[in-house]
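As a plain string of letters, each chain reads:
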Amino acid sequence: MPDIKIIVLLLYVSLPLSAIAQDSQQQGLEIARAAKAYDRGFADFTANMTMTLKNKSGDTSTRLIRIRTLEVEDDGDKSLSIFDEPADVKGTAMLTYTHGLKPDDQWLYLPALKRVKRISSRNKSGPFMGSTFAFEDLGSQEVEKYTYNYLRDEPCGEWVCHVMERFPAYEHSGYTRQVVWLDSEAYRVVKSEFYDRKKSLLKTLVAGDFQQFLGHYWRPGRMNMENHQTGKSTLLEWSDYQFRTGLSDRDFRSQTLKRVQ
Amino acid sequence: MQRPAFCIGLLLISSNGIADFSGNVAVEAISFSEEAQFEDQFDENLTLSFEPKWDGDWNEGDDLWSVELFMRADSKDSGREHADIRELLWLSIDGDNEWRVGINTMFWGVTESQHLVDVINQIDAVESIDGEDKLGQPMIHLKRYQDWGVLDFLVLPGFRERTFHAKEGRLRPPLEVDTEQVEYESSAGQQHIDYALRFSQTYNDLDLGVSWFDGTNREPLLLPGTDSSGSPVLTPFYEQMTQIGIDAQLLYQDWIWRLEIIHRKTDSNDRDAFIYGFEYTFYGVLDSSADIGAIAEYSYDNRPEGERGVFDRDLFMGARFALNDAQSSEVLAGFLVDTDNQSRTFRVEASRRIGESWKLELELQTFANIDDNDPLAAFANDDYLLVDMAYYF
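Which chain is which? The protein sequence lines are A and B, in order.
Read in order, the letters of the first sequence correspond to residues 0 to 260 in numbering that gives the first Met the number 0.
Read in order, the letters of the second sequence correspond to residues 0 to 392 in numbering that gives the first Met the number 0.
Keep in mind the hints are simulated off the structure, nothing from the lab.
It is possible that some hints are incorrect.
Listed below are the simulated DMTMM-like cross-link pairs for lysine to aspartate or glutamate, each with C-alpha atoms no more than 25 Å apart in a straight line [said to hold, decoys possible]:
#1 A:Lys116 with B:Glu126
#2 A:Lys101 with B:Glu27
#3 B:Lys75 with B:Asp213
#4 A:Lys116 with A:Asp250
#5 A:Lys101 with A:Glu164
#6 A:Lys116 with B:Asp253
#7 A:Lys35 with A:Asp152
#8 A:Lys257 with B:Asp93
#9 B:Lys75 with B:Asp226
#10 A:Lys116 with B:Glu348
#11 A:Lys198 with B:Glu179
#12 A:Lys101 with A:Glu84
#13 A:Lys116 with B:Glu329
#14 A:Lys89 with B:Asp204
#15 B:Lys52 with A:Asp76
#16 A:Lys35 with A:Asp22
#17 A:Lys198 with A:Asp152
#18 A:Lys197 with B:Asp290
#19 A:Lys89 with B:Glu126
#20 A:Lys113 with B:Asp129
#21 A:Lys89 with B:Glu27
#22 A:Lys101 with A:Asp152
#23 B:Lys52 with B:Asp146
#24 A:Lys89 with B:Asp56
#25 A:Lys89 with B:Glu348
#26 A:Lys113 with B:Glu348
#27 A:Lys257 with B:Asp226
#28 A:Lys257 with B:Asp56
#29 A:Lys116 with B:Glu179
#30 B:Lys166 with B:Glu362
#31 A:Lys89 with B:Asp62
#32 A:Lys89 with B:Glu50
#33 A:Lys190 with A:Asp83
#34 A:Lys231 with A:Asp195
#35 A:Lys89 with B:Asp290
#36 A:Lys198 with B:Asp324
#37 A:Lys101 with A:Asp43
#38 A:Lys257 with B:Asp286
With the rest of the complex left out, here is chain B (with noise of 0.2 Å):
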C-alpha cells in the first residue's frame, strides 16, 4: 500500500487506453454529542480524504483496466489515517468468460440493514460502522456466463487483516485493538489462499445466489493480551473459516422481499445466521414525485450469547425517502433493535448534491438503552452526527 502512485505509473505507461481521471476530494466532520467511555477519545475530528481512479480500454474494449485509491488524512486517530488500493485490475473478456486479475472490491447479497453472504472483501471499519467500505482484496476472478445462470471461480492470493482505531478513536472496543500482535490460526498467516465459487441466476421476478468460501475469516477474535509496555490490549485473531451462503430477491409488485443465510463453520463454533425482510414502496406520494420505502428486516444468528455480534436477534425498521429531485436528494432513517435487550439504535443517512460538482452528506447516529452485556456497549457513548463535504471531479 505504500507506493501505490509507483503503481498507477506502470499501468499507464503499459497501457494503449486512454485514461480516464474522476474521484473526489471531502472533508468530514464528526462530533460526538456525550462525554466518552474511555481515556483518550476525541470529542471532535475533522479529516480529510481523497478517492482518485482512473480507466481505460484496449482492444476495442475487449480488455480493461482500472485503478481506484483511497486515502484518509486523520490527525487525532492514526488508525485511520490510511491508504488503501481499492482497485487495481485488469479485466479481460472473451466471449462468455470475464476474467479479472488484480485488487478489486466486489459486493455479494441483497439486504440492507446486515450484509452476510458478503465476504469476499474485507471490512474498512475506520471508515464507517456499516461494513460498506472495504479493502480491496487481491484475486485472480473467472466469470462464466452460462444459459443455466453464472458462475464466479475466485482464488485470492494475500489477505487484508481489518482496520481498526486507535486508542484516540471513538466507535472502538474497550480496549485498543493491536494489530501489530495479529495472529493467523493457519500458519501461512496472511499469505493463506483462499477460495471462492458463487452462481446466481435471475429466474422472471426471482434473483438467486448460492456462494461458497473457504479461507480466512474477515471478522477476527479479539483476544485479550498486553503491549510492549505492559498495558492490556486486545490482539486480532483470524480463524480458518468455511461458509455456504445463500441469497435471494422477489419481487412481487411494489414489494421487494430478500432473504440472506449463511452457515459458517469455524473452530471456535458452528454459526447459522439469517436475515430478511422486505422493501415496500409508496411511488409518487401526495402526487409529488418523491418515493417513499418502507424497509423492515430481522436478524437472527444461533451462537450463543456472549459470542454474537450486534445483529443477533435484531429487528431493523427503516424508511427511505427518495425525492427524485434535480439534485438526487435521498434520505434513509432506520432503528435497529435487539429483540432479546432491547438496545437501541438509530441511524439516519442523507445526501443531496450543491451545484453540479459537490454533494453533501449528512449522518446521525445514536446508541440507547444499550445492554452491558450487548457488543454495541462499547459504542453506547458514540452517538455522533457527520458531515461530509465532497468534491467531485
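Next comes chain A alone, as it looks inside the complex (with noise of 0.2 Å):
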C-alpha cells in the first residue's frame, strides 16, 4: 500500500517536472496545435462584423462588413468579405485564399468599374480598412506562420490562460514578435500584444463576450485593437455567427466576387 502511493506521489511531481525540462519552444508548439485541433472541423460559418475606427481626437467612423469562411484542410482558410458600409465602398468584396507560410491569394471587386482585380497580397502588415488592424491580424492562423515560445501560465479573469510569445515566420510581417494569451481549457485568444520591426509595443489586441456554437466552437463578440503608437483603436463587434451553413469552393471563386450578395 505505502508502495502505490509513493507512486503516486512520484507521478505527481514528475509530470510537471518533465514538462518543465520539456522545451519552452516545443511546449509553445504543442499549445498552437492544440489550439488548432480544438477549432479543425468547424467547416465554415458566416458573420456580420461592425468595425468602429477611433482617432486620436475620439472621432469616430463605421464600417458594415459580412464574413464568410471556408476551412480548408491542409491550408489556410477561404474567406470572403462583403462590404456594406460606408456607403461608397458598397459592393466591394475581398476574397483571400490564406496559405501557411507561402503569400496569400487575394482579389477585390470593385463595383464601380465592375472589374475584379488581383492583388498582391504582400501588404501583410497593411492597415485593413483604414482601421488598426492589419491583414495580418485577421487571417487564419496556421500553425508553421510563426514559431513560439511557452512563458508561463497565469489566470486571465476567470480562466488560466497560457502566455506564450510567437514569432511570424512568414516574409513581409510588420512584427517582430507577438505575446498571447489564450486560456488553456478551449484556447481562445483573449489578448494579444504586437511588438513592431523596432521591437517596441505597438498594439493591443483585447477580445471579449466569447460565444459557444454547436457547443463546441468559441468566437469573440467584440476584439479591440489599440494602437500605442498613433492612439488610434478600432472596435470590432460581430454578430449574427453561423456555423456549417453549406458553403463550398463554388462560394469562393474569384470570378463569384461580382456576383456576391
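Two chains, two separate frames, one set of hints: put the complex together.
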C-alpha cells in the first residue's frame, strides 16, 4: 500500500517536472497545435462585423462587413469579406485564400468598374480598411506561420491562460514578436500584444464576449485593437454567427465576387 | 432607355426578393483653362448625375436580380445629357453554370492605361475620356466553371451606339458627330447579333484569359458628311469585326506584370495591338501605412499613321498613392507620351471620403505639345480640372 502512494506521489511530482524539462519552444508549438486542433471541423461560418474606427481625438467612423469563411484541410481558410458600409464602398468584396508560409492569394472586386482585380498579398502589415487591424491580424491562424515560445500560465479573468510568444515565420510581417494569452480550456485568444520591427510595443488586442457554437467552437463577440503609437483604436463587434451553412469552394471563386450579395 | 422606372416597377413586383436600394447622387463641376479650339464650346459646366441601384434574390440566393441606372443632367451639352440602363439583370446559378439574361456591364482585361480586350460593352464616351464608363449591353451569358478554367459564352442582341458630345461640348472631334446619320456595315444594323467567347484560368501566380468576339465594332469610323442644314459634320460608321484577344497577369514578389494583345480584323484594316507593363508597389513607405505603386505601360498599334488611335506607340508612366487611411484617400497620377510625335498628356485622379456618406473626387487633365496629326489634336486646348462631390446612400 505505501508503495502505491509513493508511485502516485512520484507521478504527481514528475509530470510538472517533465513539463518544465520540456523545451519551452516545443511546448509553445504544442499549444498552438492543440488550439488549431480544437477549432478543426467547423467547416464554415458566416458572421456580420461592425468595425468602429476611433482616432486620437475620439472621432469615429463605422464600417459594416459581412464575413464568410470556409475551412480548408491542410491549408489556410478561404475567406470572403463583403462591404456594406460606408456607402461609397458598398458592393466591394475581398476574397482571400490564406496559406501557411506561402503568400496568400487575394482578389478585390470594385463595383464602380465592375472589375475583379488580383491584388498582391505582400501588404500583410498594411491596415485593413484604414483600421488598426493589419491584414495579417485577420487571416486564419495556421500553426506553421509562427515559431513559438511558451512563457507561463497565469489567471486571465475567469480562466487560466497559457502565455506564449510567437514569432512570424512568414515574410513581410510588420511584427518581430507577439505575446498571446489563450485560455487553457478552449484556447480562446483573450489578449495579444504586437511588437513592431523596432521591437517596441505597437498594439494590444483584447477580445471578449465569447460565445460557443455547435456546442464546441468559441468565437469572440468583440475585439478591440489599440495602437499605442498613434492613439487610434478599432472595435470589432461580431453578430449573427452561423456555422455549417453549407458554403463550398463554389462560393469562393474569384469570378463569383461579381455576384456576391 | 425611355421608361426605366416602368421596368423597375415590373421587376420589383415579379420578384420575391427584397429590394436592396443604394446608389449615389453627384454634382460635377468642370473648368477648362484654355480658350476653346472650336466655336460654341463652353469653358465651364456644372452637371448633376444620379445612379440608383436595386438588387435582391430568391431561391435561397440561387436566383438574383439587379437594376442599375445612370442619369446625367447637363444644360450645356445635350450629348452628355443622357440616361442609361447599366444593368437590368436576372442571374441564375445552377451548380457550375451561371446564366445572366438581360442588360449587363462587364470588364475584361488587366492593364491600367488602356483596355484592349474589353470589347463587350460600348463606351459611354461622354462620361469620361478614360473609357471606363460603359453603356449597358443586352446579353444572354452563360458562365461555366470547369476544373481547367472558366468559359464564358455570350450572345449579344442589340447594339449600343457610342455617345458623343454636342457641338457645345469640349473634348470632342473638330466637327460635331451627327448621331442621327449613323450607318452600319451589316444590313442588320443595330439588330445585328454579336457573339463572344472567353476562357480564363488562374495558374498559381499567373492569370490568363483568351477571348474571341465576332460582331459590330464598338469603335466607329467617323466619316465626313453634312447635316440637314448643309453644315459639315462627322457621321459614325460601325463596321463588323472579328477579334482575338489575350490578357495575362503575373504576380512576382512586389511586381505585377500585365499584358494584353489583340488581333482585330475589319473591312478597313487588320489591326494588331498590344500593351504591356508592370506595377511595382512599395508597401508602408517611410514607416507609414501608405503604399506607392509605380506603373509603366507601353502601347503599340500596327495600323498605318492616320488610322491609329491615341495609343499607337505610347508610353504611360504613373504612380498610385494609397494612404490606407480611414477616408480611403487615393491618388493616381500619370503621363502618356507618344514616342513618335512627343505629344504628351498628364492626368491626376484623386479621391477621398468625407464623413460617412460623401466622396470628393478631383480630376486634372492636361494636353501638351500635341502634334497636329495626333488623334488628340482636337483636344489640344481642353486642359481641365474636374471636381465631383457625390452623396452615397
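* To do: Could you grab the alpha-carbon distance between A:Lys35 and A:Asp152 and see if it respects the 25 Å cut-off?
  => holds (19 Å)
* Would the pair A:Lys116 and B:Glu179 pass a check requiring their Cα atoms to be no farther apart than 25 Å? -> violated (38 Å)
* **25 Å Cα cutoff - pair A:Lys101, A:Asp43** => holds (22 Å)
* Regarding the pair B:Lys75 and B:Asp226, is the alpha-carbon distance no greater than 25 Å? -> Measuring from Cα to Cα gives roughly 21 Å; hence the hint holds.
* Asked: Given the hint that A:Lys231 pairs with A:Asp195, does the C-alpha gap stay at or below 25 Å?
  -> holds (16 Å)
* Take a quick look at whether A:Lys101 and A:Glu164 sit within 25 Å of each other, Cα to Cα. => holds (22 Å)
* Asked: Between A:Lys89 and B:Asp204, does the CA-CA distance stay at or below 25 Å?
  -> Judged against 25 Å, a Cα distance of about 28 Å means the pair is violated.
* If you draw a straight line from the CA of A:Lys116 to the CA of B:Glu329, is it 25 Å or shorter? -> Holds: A:Lys116 and B:Glu329 sit about 16 Å apart, inside 25 Å.
* Straight-line alpha-carbon gap A:Lys89 to B:Glu348, limit 25 Å -> With Cα atoms ~21 Å apart, A:Lys89 and B:Glu348 stay inside 25 Å; holds.
* **Pair hint A:Lys257 and B:Asp286, alpha-carbon separation not exceeding 25 Å** => violated (34 Å)
* 25 Å Cα cutoff - pair A:Lys198, A:Asp152 -> Judged against 25 Å, a Cα distance of about 23 Å means the pair holds.
* Sort out whether A:Asp22 lies within 25 Å of A:Lys35, counting only the CA atoms. => holds (20 Å)
In this structure, the earlier hints numbered 2, 3, 11, 12, 14, 15, 22, 23, 27, 29, 33 and 38 are contradicted, and the remaining ones agree with it.
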